[in-house]
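S.K.: In order, the protein sequences belong to chains F and D.
For the first sequence, the residue numbers in the working numbering are 14 to 250.
For the second sequence, the residue numbers in the working numbering are 14 to 250.
The set of hints was computed from the structure by calculation and includes no laboratory data.
Treat the hints with care, as some may be off.
No copy labels: a pair is met if it fits in one copy or bridges any two.
[To be verified] Computed cross-link-like contacts, DSS-like style, restricted to lysine-lysine with a CA-CA straight-line distance of at most 27 Å:
#  : residue 1 : residue 2
1  : K126      : K72
2  : K239      : K120
3  : K72       : K232
4  : K232      : K120
5  : K211      : K133
6  : K53       : K126
7  : K211      : K120
8  : K211      : K249
9  : K239      : K72
10 : K239      : K126
11 : K211      : K126
There are 2 protein chains.
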Amino acid sequence: MAEHFSEHISTQFDADLNAIRTQVMAMAGLVEEQVRLSMKALASGDMSIINQVIAQEQKVNAMHLELDDMCVHMIARRQPAASDLRLVMTVIKSVEDLESIGDKAHKICLRAKSIFDSGKMQVPKFQEVNHIATLALDMLTRALDAFARLDSASAAEVIAADEQLDQEYRALQRQLITVMMEDPRSISLTLDILWIAKATERIGDLAVNVAEHVVYLVKGRDVRHKSQAEVDAIAKG
Amino acid sequence: MAEHFSEHISTQFDADLNAIRTQVMAMAGLVEEQVRLSMKALASGDMSIINQVIAQEQKVNAMHLELDDMCVHMIARRQPAASDLRLVMTVIKSVEDLESIGDKAHKICLRAKSIFDSGKMQVPKFQEVNHIATLALDMLTRALDAFARLDSASAAEVIAADEQLDQEYRALQRQLITVMMEDPRSISLTLDILWIAKATERIGDLAVNVAEHVVYLVKGRDVRHKSQAEVDAIAKG
Chain F
14 MAEHFSEHIS TQFDADLNAI RTQVMAMAGL VEEQVRLSMK ALASGDMSII NQVIAQEQKV
74 NAMHLELDDM CVHMIARRQP AASDLRLVMT VIKSVEDLES IGDKAHKICL RAKSIFDSGK
134 MQVPKFQEVN HIATLALDML TRALDAFARL DSASAAEVIA ADEQLDQEYR ALQRQLITVM
194 MEDPRSISLT LDILWIAKAT ERIGDLAVNV AEHVVYLVKG RDVRHKSQAE VDAIAKG
Chain D
14 MAEHFSEHIS TQFDADLNAI RTQVMAMAGL VEEQVRLSMK ALASGDMSII NQVIAQEQKV
74 NAMHLELDDM CVHMIARRQP AASDLRLVMT VIKSVEDLES IGDKAHKICL RAKSIFDSGK
134 MQVPKFQEVN HIATLALDML TRALDAFARL DSASAAEVIA ADEQLDQEYR ALQRQLITVM
194 MEDPRSISLT LDILWIAKAT ERIGDLAVNV AEHVVYLVKG RDVRHKSQAE VDAIAKG
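The shape of chain F in the complex, shown without the other chains (with noise of 0.2 Å):
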């Protein structure tokens, strides 16, 4: 009888965890869809791709408060230890970043859909963006496999590559600075891109801190406020 309730306990704790992975990997994948659609946005100018992550922001917010709730319960009903915890933590801390990420995708359609509908914008759309918007969904993609898979040293790579990131960014934000002043009548479109190119930027910042919760998962240490050299010795050793 002890045994089966025991066996009966262990099941329940598996399946609530497991409830908790399978969760945070489909908000996860909403998130990363979200990203992708509002950079297709802003290269096509399609109105369509725009209302669609409008409408689907409502859902990452509801996987966010739904996550955040199934790992507290977790944590008062059956009191995970070691990995289990660090698993459940880890999952409180990635969704608060994986909302944000969402919002950003977001509000990135939003500020998109103000100027495509002002009729300020031409095509090529929003090309200056591009480059950077890959590098930062790129990241964003590399972050969430690690997760998936649990593979620090991968992790540890995206933490790196937001060094190039930042420089992009600021060589875009140079090149932008430097069309306001060629030509004052585009500061106030200029000054859109320059917004979109740094909630791009954004994202690949959270992407980073995505990453940096997967080392803590898989080894067991923060490594937020970390050089990259320590970082590399915690996740790649």
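Using the hints provided, position chain D relative to the given structure of chain F.
M.R.: Frame of chain F; chain D shown alone:
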């Protein structure tokens, strides 16, 4: 003997929880000081204040990691339940926001330092940002106060105040765009001011996050992604 044992556990439990409470209030105090000093540095151009904020950033980061660690250990060893678990979860989330607020103050000072060093700016310094800086600092002070006093009604007021801050930020943004259009030579400096204004507005957003955590702590309800009417009904009910 059993009673003694249980008392011992309970005492240790309380001591751990109190240590977390004390430490999060210490971190909150430090972060609030960082914001206050960064605002003072903007207005005065006083390089010793700027250097103080930059030097104290390390301390904020160390407290962030320490508190996070204290919370995970509390969960793992003491298995808090009900309102104790809510406190721990609230601290875990709030320290992320506090760290981000400290980071903004730090970055504002780095940016101000580079502006003052370049000799681009004369007195009066950053007077455009004064007003929203006052609003954001007030929101932060009230959010931390609500946390210390477990006052969900005050927390709801902080959440409501964000709308005004956003409006003031947008008004300032329009005003600065006009400045840039009228004098394209001012674009680079005006963008720096705009960046500082944005970072200040973000401090207000992060104060709202803390206020949302306070409502959760006191009322046990997650008010993120909810309308102000819903927030008020939960927080003041």
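S.K.: Hint by hint, which ones does this structure get wrong, listed from lowest number up?
M.R.: 4 and 8
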